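Hey, can you work out the whole structure from these sequences and the hints?
What follows is the residue order along each chain.
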Amino acid sequence: MAYQRYDYEVIASWIQPGERVLDLGCGDGSLLKYLADVRQVRGYGVENEPDRMLASIRNGINVLQLDLEQGLAGIEDDAFDHVIMSLSLQAIHNTQGILAEMLRVGHEAVVSFPNFAYWRHRQAIINGRMPVSESLPHQWYNTPNVRFFTIADFEALCEQEGIAIREGLAFDEGKVVVEEPNFLASVALYRLGRDR
Amino acid sequence: MTTAASVGVVSPSLARFDTPLALRSGQTLPGFELVYETYGQLNADRSNAVLVCHALSGSHHLAGTYADAPGNVGWWDNLIGPGKPLDTDRFFVIGVNNLGGCYGSSGPLQINPATGKPWGADFPFVTVEDWVDSQARLADHLGIARFAAVVGGSLGGMQAMNWAIQYPDRIAHAVVIASAPKLTAQNIAFNEVARQAILKDPDFHGGHYYAHGVVPARGLAQARMVGHITYLSDDSMDEKFGRRLRHGKPIYSYEVEFEVESYLRYQGEKFSGFFDANTYLLTTKALDYYDPAAGTGGDLTQALSVAQADFLVISFSTDWRFSPGRSKEIVNALVHSDKRVSYAEIDCPAGHDSFLLDDPLYHGVLRAYFDNIAV
Numbered sequence: 528m529a530y531q532r533y534d535y536e537v538i539a540s541w542i543q544p545g546e547r548v549l550d551l552g553c554g555d556g557s558l559l560k561y562l563a564d565v566r567q568v569r570g571y572g573v574e575n576e577p578d579r580m581l582a583s584i585r586n587g588i589n590v591l592q593l594d595l596e597q598g599l600a601g602i603e604d605d606a607f608d609h610v611i612m613s614l615s616l617q618a619i620h621n622t623q624g625i626l627a628e629m630l631r632v633g634h635e636a637v638v639s640f641p642n643f644a645y646w647r648h649r650q651a652i653i654n655g656r657m658p659v660s661e662s663l664p665h666q667w668y669n670t671p672n673v674r675f676f677t678i679a680d681f682e683a684l685c686e687q688e689g690i691a692i693r694e695g696l697a698f699d700e701g702k703v704v705v706e707e708p709n710f711l712a713s714v715a716l717y718r719l720g721r722d723r
Numbered sequence: 005m006t007t008a009a010s011v012g013v014v015s016p017s018l019a020r021f022d023t024p025l026a027l028r029s030g031q032t033l034p035g036f037e038l039v040y041e042t043y044g045q046l047n048a049d050r051s052n053a054v055l056v057c058h059a060l061s062g063s064h065h066l067a068g069t070y071a072d073a074p075g076n077v078g079w080w081d082n083l084i085g086p087g088k089p090l091d092t093d094r095f096f097v098i099g100v101n102n103l104g105g106c107y108g109s110s111g112p113l114q115i116n117p118a119t120g121k122p123w124g125a126d127f128p129f130v131t132v133e134d135w136v137d138s139q140a141r142l143a144d145h146l147g148i149a150r151f152a153a154v155v156g157g158s159l160g161g162m163q164a165m166n167w168a169i170q171y172p173d174r175i176a177h178a179v180v181i182a183s184a185p186k187l188t189a190q191n192i193a194f195n196e197v198a199r200q201a202i203l204k205d206p207d208f209h210g211g212h213y214y215a216h217g218v219v220p221a222r223g224l225a226q227a228r229m230v231g232h233i234t235y236l237s238d239d240s241m242d243e244k245f246g247r248r249l250r251h252g253k254p255i256y257s258y259e260v261e262f263e264v265e266s267y268l269r270y271q272g273e274k275f276s277g278f279f280d281a282n283t284y285l286l287t288t289k290a291l292d293y294y295d296p297a298a299g300t301g302g303d304l305t306q307a308l309s310v311a312q313a314d315f316l317v318i319s320f321s322t323d324w325r326f327s328p329g330r331s332k333e334i335v336n337a338l339v340h341s342d343k344r345v346s347y348a349e350i351d352c353p354a355g356h357d358s359f360l361l362d363d364p365l366y367h368g369v370l371r372a373y374f375d376n377i378a379v
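From first to last, the protein sequence lines stand for chains A and B. The letter at position 110 of the first sequence is residue 637 when you use our numbering, and the numbering goes up by one with no holes. The letter at position 167 of the second sequence is residue 171 when you use our numbering, and the numbering goes up by one with no holes.
For the record, the hints were derived by calculation from the structure and aren't laboratory data. The model shown is predicted, which means the values in this text are computed figures rather than measured ones. Cβ atoms here follow ideal geometry from the backbone N, Cα and C, with glycine treated the same way. Warning: the hint list may mix true and false statements.
Stated by the list, open to error - Label pairs and their in silico Cβ distance ranges:
id	chain 1	residue 1	chain 2	residue 2	range
1	B	173	A	560	21 to 29 angstroms
2	B	302	A	536	41 to 49 angstroms
3	B	197	A	670	31 to 39 angstroms
4	B	173	A	670	48 to 56 angstroms
5	A	560	B	265	49 to 57 angstroms
6	A	604	B	193	33 to 41 angstroms
7	A	604	B	144	57 to 65 angstroms
Here it is in structure tokens:
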């Protein structure tokens, strides 16, 4: 789950100075700390896992221990400029619910996730084994991930749910992948909005 | 890392205030006294003071013991001391017995200067706001312009929250534990059962029982029994007592049969032996009246908008008297008024009383938070 610098920089490039942001699955709060440094954002991390919540407090991050499976009830519509979920969407059961919640409480959402259709993952499956890689570092029996989906799957879901893809970038080993991202990229990153 | 230790032997102090204190009830106290204890050293620029506010039955005796009563350990001794999460090597910690209390501060047990007799039921109603005002006087007395933090659990958390509203520039951090933005009808109802038990006790004598040489011990014990049930979780009671019977089988009697009955009677009797019934009445009313959003049309976000402090809000999963949902109301209001806030929901089986225990994650969160407070 280690954040890559390229992930940070792209997210920062999508955020205006001084914005209010919510970072879902904030881990130890390092992304928020980075965004506070380079974009002077104000905001909160959400982290339900006790040790990571504690790590965020140690890092001086505002962290709220909430269960994302229960949505963001209690947070008002449009309370944030951006709601970010970095490499956590695949670990949540209620995929459609949380995407809707992100776009309810935020003007825009930023989502990144591992691409299950990455060529190394395909190769592992062809060889008869579940993929284990930098972006999917766990074994099948201990992975926190509960949803396995591809770049093509995600874009189809956005289409179905009326979610506007404002920008999308795909990466392999920290470099942007332009050609055939669903085959060549290990991680995808999107800026999402609400369709009119 | 230093090893956690006790603050050792401590002794209380008394501060006397001669400027009248206007109370929310409309009454005025011409003067008053507060009993308090301090632990650690106030630093040169007076920036390391932490005020700890007590709940319904607490006192100023937070930590350590007394020379003449080595068994009387402060009620938050597991949190406060050298090397403990609220580290007295760094912080100057203050405990104060609230107005209306029964541990030496002005209250029903003390002498009403106007009559020369104990105040009894004539002691004026006091609110959370009044307590905060009186605590601010104590801060003035100690030369503390701004607290590094104000901390409290339950009713104490309400005081911490209200410090941030009433004196926004005098508090840097507010730590609000197992608390609520106001009581629900159900919660007030429990307090009313407790009060009725006291008020209907034949030994109550309209609150002037001191003159009759008695105390409404039965009523106070019963009040404590009701309260105690609500401070524990269903699971923790079940684990402690289950359906265990004293005699191993039913004896068809109203004597103590179930172990839980024995426990509650013991707790009630013990409590009525040292706590004052008038203080219990006053304090439960302060709980019931508390509603910081009353002045903003019920809008807690607006009520908190004046706050400048950083907040830490903590709840416990099995606390049904002050449930996590109530803490989240505080958190959401703080989020919507753009305040700095962190929220931890500790998975602890002990119900409301969890805030007095030393769950490792709970104390870990407090330690991490206090460690980040610059003094």
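Hints, verified against the model:
1. B/173 <-> A/560: 21 to 29 angstroms: holds, 27 angstroms
2. B/302 <-> A/536: 41 to 49 angstroms: Between residue 302 of chain B and residue 536 of chain A, where Cβ atoms are some 44 angstroms apart, the hint holds.
3. B/197 <-> A/670: 31 to 39 angstroms: violated, 51 angstroms
4. B/173 <-> A/670: 48 to 56 angstroms: holds, 50 angstroms
5. A/560 <-> B/265: 49 to 57 angstroms: holds, 54 angstroms
6. A/604 <-> B/193: 33 to 41 angstroms: Holds, at about 34 angstroms.
7. A/604 <-> B/144: 57 to 65 angstroms: violated, 44 angstroms
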